[in-house]
Amino acid sequence: MKRTLADRENVLGAALLAPALAYVLLLVGVPFVLAIALSFSTATAGSLSFNWVGWHNYSVILADPIFRRSLANTAIVTVGSQVLVIVLATAAAQVFRAAFRGKRAARFVLLLPWAVPVSLAAIAWTWIFDSTFSVINWTLKVAGLLHGWLYWLGEPGLALTAIIIVQAWRIFPFATVIVLAGLASIPQEVVEAAIVDGAGFWRRLFRVELPLLLPVVAVAVLFGVVYTATDLGVVYILTGGGPANTTQVLPTLAFQRGVLGADLGQGAAIAVFLVPFLVVVAILLLRVARRTEVGGGERR
Amino acid sequence: MASVEIRNLRKQFGELHAVDGVNLSVREGELLVLLGPSGCGKTTLLRMIAGLEHPTSGEIYIGTTRVDGDVPPRARGIAMVFQSYALYPHRTVFGNIAFPLEAAGDPRATIAQKVRWAADMFGITRYLDRYPRQLSGGERQRVALCRALVRDPQVFLLDEPLANLDAKLRNTARDELKRFQRQVQRTVVYVTHDQVEAMGLGDRIVVMDRGKVRQVGTPQEVYEDPVDTFVATFLGQPPMNLVDLQDALLGFRPEHFLPVAHFGANEALRNFPLSVRRVEYLGSDRYVYGNVAGAGATVIAKLPAMVATEITEGSEMEFAVPERALCYFDAVTGARQRR
Chain P
77 MKRTLADREN
87 VLGAALLAPA
97 LAYVLLLVGV
107 PFVLAIALSF
117 STATAGSLSF
127 NWVGWHNYSV
137 ILADPIFRRS
147 LANTAIVTVG
157 SQVLVIVLAT
167 AAAQVFRAAF
177 RGKRAARFVL
187 LLPWAVPVSL
197 AAIAWTWIFD
207 STFSVINWTL
217 KVAGLLHGWL
227 YWLGEPGLAL
237 TAIIIVQAWR
247 IFPFATVIVL
257 AGLASIPQEV
267 VEAAIVDGAG
277 FWRRLFRVEL
287 PLLLPVVAVA
297 VLFGVVYTAT
307 DLGVVYILTG
317 GGPANTTQVL
327 PTLAFQRGVL
337 GADLGQGAAI
347 AVFLVPFLVV
357 VAILLLRVAR
367 RTEVGGGERR
Chain U
9 MASVEIRNLR
19 KQFGELHAVD
29 GVNLSVREGE
39 LLVLLGPSGC
49 GKTTLLRMIA
59 GLEHPTSGEI
69 YIGTTRVDGD
79 VPPRARGIAM
89 VFQSYALYPH
99 RTVFGNIAFP
109 LEAAGDPRAT
119 IAQKVRWAAD
129 MFGITRYLDR
139 YPRQLSGGER
149 QRVALCRALV
159 RDPQVFLLDE
169 PLANLDAKLR
179 NTARDELKRF
189 QRQVQRTVVY
199 VTHDQVEAMG
209 LGDRIVVMDR
219 GKVRQVGTPQ
229 EVYEDPVDTF
239 VATFLGQPPM
249 NLVDLQDALL
259 GFRPEHFLPV
269 AHFGANEALR
279 NFPLSVRRVE
289 YLGSDRYVYG
299 NVAGAGATVI
309 AKLPAMVATE
319 ITEGSEMEFA
329 VPERALCYFD
339 AVTGARQRR
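Line by line, the protein sequences give chains P and U.
Count along the first sequence starting at 1, add 76, and that's the number in my numbering.
Count along the second sequence starting at 1, add 8, and that's the number in my numbering.
Hints listed in this document are in silico derivations from the structure and should not be mistaken for laboratory results.
The structure displayed is predicted, hence computed values, not measured ones.
Every residue gets a Cβ at the ideal spot worked out from N, C-alpha and C, and that includes glycine.
There may be inaccurate statements among the hints.
Listed next, with one range per pair, are the computed distances between beta-carbon atoms [as the list claims (entries may be wrong)]:
| no. | chain 1 | residue 1 | chain 2 | residue 2 | range |
| --- | --- | --- | --- | --- | --- |
| 1 | U | Ala-175 | P | Ala-358 | 44 to 50 Å |
| 2 | P | Val-155 | U | Ser-144 | 39 to 45 Å |
| 3 | U | Arg-218 | P | Val-267 | 27 to 33 Å |
| 4 | U | Tyr-69 | P | Val-218 | 52 to 58 Å |
| 5 | P | Gln-170 | U | Ser-65 | 26 to 32 Å |
| 6 | P | Phe-176 | U | Asp-137 | 56 to 62 Å |
| 7 | U | Gly-77 | P | Val-159 | 38 to 44 Å |
Chain P with its partners taken away, still in its complex shape:
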């Protein structure tokens, strides 16, 4: 009998993998390599010239105070939002673990920020932070907690805070779902043993549940870091990097210099600059995830 394609595992495997592989190579691999190559050139938008200039673009951006500010902002926004996300997601997961009326509806609402397109959500947030109509300001004012006025997107510190809030809001539903799954994987008997052993809520949370959750939380944080550090939309729509470039992050700056300013070489250098840092963060977090796995390797 003739062998069909389904019988030939080598060929079948390659055939099934090919589309995904082609997608990754063409839409991720090629642009990535291209960006690295461009970052060593003086290429400009609208021209096909390619002049190798070595590390020139990198030395230029490193000397640029706006770039340094952007780098610092990227770090602040990423770390700030992820700390917020861990706290919120752990708390929300505890709430969602309990049985209550309307839990399904609440879970649906919780997931909405994750499902809404970034740009739409960011536009909604510009209204929440609007200099005249800010619902936060009016609420605080009516509650008698605010004297004066907060210009959310007009002052550097407040604008960064606003960006952190939106980034945390965007990632936290996803993190909550991951933490919930992690909580569900903790054996019920271990939690009950802790109850019988006399551990109260906080001791159970910090001495039993969180250590056991660490691998899952590490994965959630990894996703959060990558999504936040590489996000263009939120900052672009909320502040556009302003006022006066004080809220620029690397993706917005790369877009501004490389696409709007047509300096592809510098834009690419700014965009690529983050890659080594993200790789290190990813390795560290994945190591945490593996090392502390229940039943995994050594600790201490």
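Got chain P; can you put chain U on it based on the hints?
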């Protein structure tokens, strides 16, 4: 040391009556076994004593304190060993045993001292720096017992602590458990579905079925003097034979059912002609499966290796049971009849 008193305890999960009006006294210092098939409510009962489940109604006293209301597990003076041992996987053996002491706020020096004392008692001192996953099943079980012991509880609650061990280890572990209990002299409530464990360990056994207590007694009492057909057929391997006598059920243990020739001449016997269907040779015993004339039901005879009579499959043989070993049960309710 404390007694445990349970009065008219009920637990309902929706329509299911998991524990259905249980009355029970656990005496100070005794090892009481809750025995029954899965789903009989024994674990639910234990969890209510521990405070992990709230009773639907009824009362629980540990010592003289009523605990069924809002007394949390940590305030009940109990320690529990779970079937899976429920060790904390991210903590060393030391960290596991120390956990309840840390929760109680003991100073560090005291904790270290108590942990060493408990670890010594179970011979696991050299594993103190290891993680649970690096231990064998038997070692994990000892760590779990250590963690329970170190709190110096009034009552130990053990939920099938041997079920996860392989058969070979179970005998040694049973022996160790019994020694441990004699040494610490604490009240122990022990849940199992394994009758061998129950008979071997229990000072008294509580046989449960469908949320109700069927019988409470010493291993000898529940085995030799069952109150109904459930207890009679749940205990014993193979279970008690039941022969329908129209007006009643006649019960007798397979080990009392032997060829007539093996009884003394002046023993009062009840004879049964047995048509032998099959003989199982099991080394130390032979099981003879057959039918008793007139009754129709399959009965089993358990002949020890000492009984050398040749038994041929398909033959008709005269078997007998001593009159003193016969039990009568009501044909409808299954309750024991005293005659």
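Checked hints:
{"no.": "1", "hint": "U:Ala-175 x P:Ala-358: 44 to 50 Å", "verdict": "holds, 47 Å"}
{"no.": "2", "hint": "P:Val-155 x U:Ser-144: 39 to 45 Å", "verdict": "holds, 44 Å"}
{"no.": "3", "hint": "U:Arg-218 x P:Val-267: 27 to 33 Å", "verdict": "holds, 29 Å"}
{"no.": "4", "hint": "U:Tyr-69 x P:Val-218: 52 to 58 Å", "verdict": "holds, 56 Å"}
{"no.": "5", "hint": "P:Gln-170 x U:Ser-65: 26 to 32 Å", "verdict": "holds, 31 Å"}
{"no.": "6", "hint": "P:Phe-176 x U:Asp-137: 56 to 62 Å", "verdict": "violated, 43 Å"}
{"no.": "7", "hint": "U:Gly-77 x P:Val-159: 38 to 44 Å", "verdict": "holds, 41 Å"}
Hint compliance for this structure: hint 6 is the single one not met.
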